[in-house]
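Visitor: Produce the complete structure using the sequences and hints provided.
Protein chains in written order, with my numbering: chain S, 1 to 389; chain V, 1 to 303.
None of these hints come from the bench; they were simulated from the model. Quick caveat: nothing in here was measured; it's all calculated off a predicted structure. We treat Cβ as the ideally placed atom computed from N, Cα and C, and that holds for glycine. Don't take each hint at face value.
Simulated DEER-style distance windows between Cβ atoms [to be verified]:
#1 V:Glu56 <-> S:Val302: 52 to 62 Å
#2 V:Glu56 <-> S:Arg301: 55 to 65 Å
#3 S:Gly294 <-> V:Glu121: 37 to 47 Å
#4 V:Thr64 <-> S:Gly294: 37 to 47 Å
#5 V:Ala256 <-> S:Arg275: 48 to 58 Å
#6 S:Arg275 <-> V:Gly138: 27 to 37 Å
#7 V:Pro60 <-> S:Val124: 26 to 36 Å
#8 S:Gly274 <-> V:Lys169: 53 to 63 Å
#9 V:Ala181 <-> S:Pro279: 44 to 54 Å
#10 S:Ala90 <-> V:Lys169: 49 to 59 Å
#11 V:Ala188 <-> S:Thr154: 50 to 60 Å
#12 S:Gly294 <-> V:Asp91: 42 to 52 Å
#13 V:Glu56 <-> S:Asp243: 54 to 64 Å
Facing chain S, a subset of chain V residues (Cβ under 7 Å, in silico) [as the list claims (entries may be wrong)]:
#14 Pro97
#15 Arg98
#16 Val99
#17 Ser102
#18 Leu104
#19 Asn108
#20 Lys164
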Amino acid sequence: MHDVYLAWRYLRHHKVRSLILTACLSLLMGLPLGLHRLLDEGEKRMTARAESTPLLVGAQGSAVDLTLNALYFTAAATPIAMREVERIAATGWADPLPVYARFKVRGQPLVGVELDYFDYRGLVPERGAMLALLGDCVLGADAAAALKLGPGDTLLTTPDNLFDLAGIYPLKLHVVGVLGKSHGPDDQAVFVDLQTAWVIEGLGHGHAGQPPSPAGAGPFAEAEARAQAKLVTYTEITPDNLDSFHFHGDPADYPVSAVIAVAHDARSATLLRGRYLAPDDTAQIVQPPKITQGLLQNIFRVGALFDAVSLLVGAATLLALGLVFALSLRLRRGELHTIFLLGCGRLTVLRLLAAEIVLLLLASGSVCLLGLEVLHRHAGDLMRRFFIS
Amino acid sequence: MSLPFPLLARYGFALCLWFLCAALARADTGRLKIVATNYPLAYFAGRLVGDRAAVEFPVPAADTDPAYWEPKAKGVAALQKADLILLNGADYEKWLPRVSLSKLKQVNTSAAFKDRYIHTEGVVVHSHGPGGTHAHAGTVYTTWLDFEQAALQAQAVAEAIAKKRPEWKSLVMENLAGLKADLLALDADLRSAAAAQPNKPWLAFHPIYDYLGRRYGFDIASVHWDTDEMPPPQEWEALKHTLAGHPAKWMLWEAAPLAEVAAKLEAMGVASVVFDPCGNRPREGDFLTVMRANVENLKAVLR
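Guide: The structure is reproduced here in structure tokens:
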């Protein structure tokens, strides 16, 4: 017990050296463990999201982009036409759930879906109500917190290009509800009905009068009013102009970024996949669990590389620490000789040194555990913020 | 110590009552909720499932045409609670692109014959009283006035219910057979009556009888009049021109026109015949009784 006390007093006396040694050992132990914790969390989340979305239909091209777009609302995906939804429904083998994740609003993904998507993901409004009319939006829990908005507020969409005068006008969305926390990418999203997404895209519009010109009466006021009345775009959908909103062209041509195909059983899923085997088909069907597995394999390869690097760095650090210890022993030669002269045997000196090492290891282990606990609590957010999105 | 019997009985009775109420509440929440966007579909659903499901028809007043009704936010929330939303299709529900409803719950009952929809050309915007203006360009939506098509719509309703509640399939199909028999009997009745005077020219107060005309061989020319308004003089002039090239002897109305309108038509040699499309719930009777009365009205003038 005296050995531990003396070792503790020694380490306290050399605070800086002890702290540096503790930090080095903590990092040495914590880094590989932390990385593996993050990888495990990522794997768990990606696997769960992918397994809840067994089949995805999208445009030919990158299956990874398609999967990331439909599941995490990241990565731009080439759009496909709405008729793909009808094609899936017509087979009778699966229920199609279209997703249109093309726009962002104040940094949050703006996702156009149909109401069935909310049922499928088990998303219900915690505050307010569900989407009802054109121009409504519901916010994911994190999106509501980030945007500081709730039911009754409005949210202006961001135009694609500020310098494109003929481009898409921003639309003032009405926040009607905030969804309960799902601990997934849905928490980050601003959800609108597919039709509202198409209005934002410029495919639907209204034909009501424009608000009066702020310039007031003047020689050009009448001409300006006439010119404004001819404009066919709206910045806000209100009960007064709702009736005038309509869409042009064939709705089957309207874009969606992906279609989640919820097959009724394994046989239906296989039959549906068979429908997309034609080489000249403009659409492809992918299995997100397989795509995610591929992504995870790449992550694990990076993880294995990191393990090797950690091993080398760890070995180098341990050697450096050994050197520090050996040099400190040389520096402490006088001190150790005094201990010997006081009547302590060589074993006592060894016990004192061992106690120092044990105390350093205990301190490093504690710091490492604390760090891992913090990481464990925030692993999901970290994974989503820095790796998935 | 034993509890007095009346006290025990009282508590026991209260407990039984509570269990009964709870069971009934559970039974009601588990009940299939069907919403139909016009009365014919609500009638078909009611005939097919009886009291087993709650069949709702959200259009309020009997004098509102469901084709021009539009749900507000509260109404949309009620529609969202339905398990099955029966749509007429053929552009009947013009409000559909402006509301958020589950697509998987929607059933377009006329999808089986969508290649046979009648599309009209030209836009004629007109109004009926204070209800605002509307146009009849696009697709003719009164699909059920061809009773064979009505039977197909009833079949689509039955299949949708059976898909939702497979345990009701045999019962629903049995009821469907009866409903189809009634509709096809009307069809046969009208076809045999119309066969007596094939391809005769007719007039219609409104362009909603195109499917009726196509199925039963009536050559119909439509005007845009109202049952409770005297048409302006230019409409009468236009009618004279129409009659010159289309010598109709009968004019179809959804309800009896004003007496003076009927008299003026009589003077021009055109008799008024009521054929109620029954888009909304009738004040008396049901879809079948209204359609039987319609067929009888036509048979009376075709004799």
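Visitor: Looking at the structure, which of the earlier hints fail to hold?
Guide: Hints 3, 4, 8, 10, 13, 19, 20 not satisfied by this model.
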